Amino acid sequence: MIASRRKYKLHNSQTAVYEQFDDRTQQHEASSLGMWIFLGTEIMFFGAVFTAYTVYRNLYTTAFEAGSHLLNTQIGAINTAVLIGSSLTMALAVHAAQTGRRKQLMAYIVSTMCLGSVFLFIKFVLEWMHEYHDGLAPGLHWTYAGPQSSHVAMFFCFYFILTGIHATHMIVGEGIMIVLLYMAWKGRFSGERYNPIEMFGLYWHFVDIVWIFLFPLLYLLGAHF
Amino acid sequence: MSEHIAPLKLYFYVFFSLLVLTLLTWRIAYVDLGKWNTVVMLIIAACKATLVGTFFMHLRWSAAVVRLVLFAALFWLAIMITLTIGDFFSRGTVQPWQASTVVSQSIIPAGKR
Chain A
1 MIASRRKYKL
11 HNSQTAVYEQ
21 FDDRTQQHEA
31 SSLGMWIFLG
41 TEIMFFGAVF
51 TAYTVYRNLY
61 TTAFEAGSHL
71 LNTQIGAINT
81 AVLIGSSLTM
91 ALAVHAAQTG
101 RRKQLMAYIV
111 STMCLGSVFL
121 FIKFVLEWMH
131 EYHDGLAPGL
141 HWTYAGPQSS
151 HVAMFFCFYF
161 ILTGIHATHM
171 IVGEGIMIVL
181 LYMAWKGRFS
191 GERYNPIEMF
201 GLYWHFVDIV
211 WIFLFPLLYL
221 LGAHF
Chain B
1 MSEHIAPLKL
11 YFYVFFSLLV
21 LTLLTWRIAY
31 VDLGKWNTVV
41 MLIIAACKAT
51 LVGTFFMHLR
61 WSAAVVRLVL
71 FAALFWLAIM
81 ITLTIGDFFS
91 RGTVQPWQAS
101 TVVSQSIIPA
111 GKR
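Protein sequence lines correspond, in order, to chains A and B.
Here the first sequence is numbered in this note's numbering, starting from 1 and rising by one per residue.
Here the second sequence is numbered in this note's numbering, starting from 1 and rising by one per residue.
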């Protein structure tokens with residue numbers, strides 16, 4: 001009974017308001033509020049690691065700069081541009097959903113997925129595998145012989161944890177986008193019903209903002225040597 | 001207005017501003033400004049985050065309660081960072097050669113050390 005009513009609601013885009021809400025505005029505000037509270041927990045989640053990073057960076061300043069110097073800032077800058085591009089296509093996807101253009105919506109979701117995959121490919125193949133082979137992976141393969149080796153290892157621990165949880169968020173995002181793409185293909189969205197697209201957009205932009213802070217804190221810290 | 005539809009042009013302006021700021025922060029990193037490198041890079045990162053939040057994440061048109069959630073989260077983040085750092089860097093550190101002095105001045109009775 002409930003399932004069939006749900007289905008009806010989903011397909012009838014003219015009355016795309018769930019019964020607990022008065023109108024679309026209230027429904028939209030409720031969705032946004034819930035999503036932002038989730039993003040608040042995400043801020044605290046990443047914030048804890050950023051706090052630990054700040055403490056250790058102040059304790060071992062020179063070692064952190066030496067560790068950062070071993071990263072390729074050019075690859076980092078290119079990846080930043082790729083991720084900003086995927087944020088743009090995501091914003092355009094939300095716009096296409098708002099204006100009820102199904103084909104554009106699907107095209108923009110696919111381009112966001114592609115740019116996200118390019119980012120992850122660069123991350124895995126050009127960076128992590130490279131660093132592993134160079135002996136810069138603490139606990140797995142660590143051959144760094146410079147001064148303060150254990151403190152440089154601490155920098156790389158932060159590097160792998162921060163970029164690792166960031167990449168995990170992106171992989172989760174790619175999975176959600178597959179579902180959204182399927183829903184868009186089935187015609188579940190319209191100019192009146194696009195909340196899932198917009199809420200996912202908030203998540204994707206949040207992941208972008210995390211990277212905006214990771215890029216200077218990890219890559220650019222030791223560039224001026 | 002909670003369901004404002006922004007003009008497409010705006011998204012492209014924001015995108016190009018973000019690219020310019022990325023290029024800027026990348027080039028500035030190669031100029032030695034001492035401790036100010038970090039400050040400048042964090043300011044640029046904060047500007048980029050504000051651009052993404054305001055326009056891509058629609059905060060410009062969202063309800064006040066939504067912005068309140070964001071500011072509450074940032075406020076708590078500031079508490080976490082400030083108090084942690086304040087604690088860490090106001091205690092002082094015990095160097096190896098000071099260890100015996102610290103132990104002899106400790107309030108723990110000698111028999112229980």
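Treat the hints with caution; some may be incorrect.
[Claimed, not checked] Heads up, simulated DSS-like pairs for lysine-lysine below, C-alpha to C-alpha not over 30 angstroms straight-line: (1) K103/A with K35/B; (2) K35/B with K123/A; (3) K103/A with K186/A.
[Said to hold, decoys possible] Covered by chain B, according to a simulated footprint, are these stretches of chain A (three or more residues, beta-carbon under 8 angstroms): (4) 52-58; (5) 78-89; (6) 128-136; (7) 164-176; (8) 200-207.
Source of the hints: derived by calculation from the structure; they are not laboratory data.
Just so you know, these numbers come straight off a predicted model, no measurement behind them.
Heads up, the beta-carbon is just placed ideally off N, CA and C, and yes, glycines get one too.
Going down the list of hints, with the structure as the test:
1. K103/A with K35/B: 50 angstroms, violated
2. K35/B with K123/A: Cα-Cα ~29 angstroms, so holds.
3. K103/A with K186/A: OK: K103/A and K186/A at ~11 angstroms, within 30 angstroms.
4. 52-58: holds (count 3)
5. 78-89: Contact hint for the region 78-89 of chain A vs chain B: holds, 6 residues under 8 angstroms.
6. 128-136: violated (count 0)
7. 164-176: violated (count 0)
8. 200-207: With 4 residues in contact (Cβ-Cβ under 8 angstroms with chain B), the coverage given for the region 200-207 of chain A holds.
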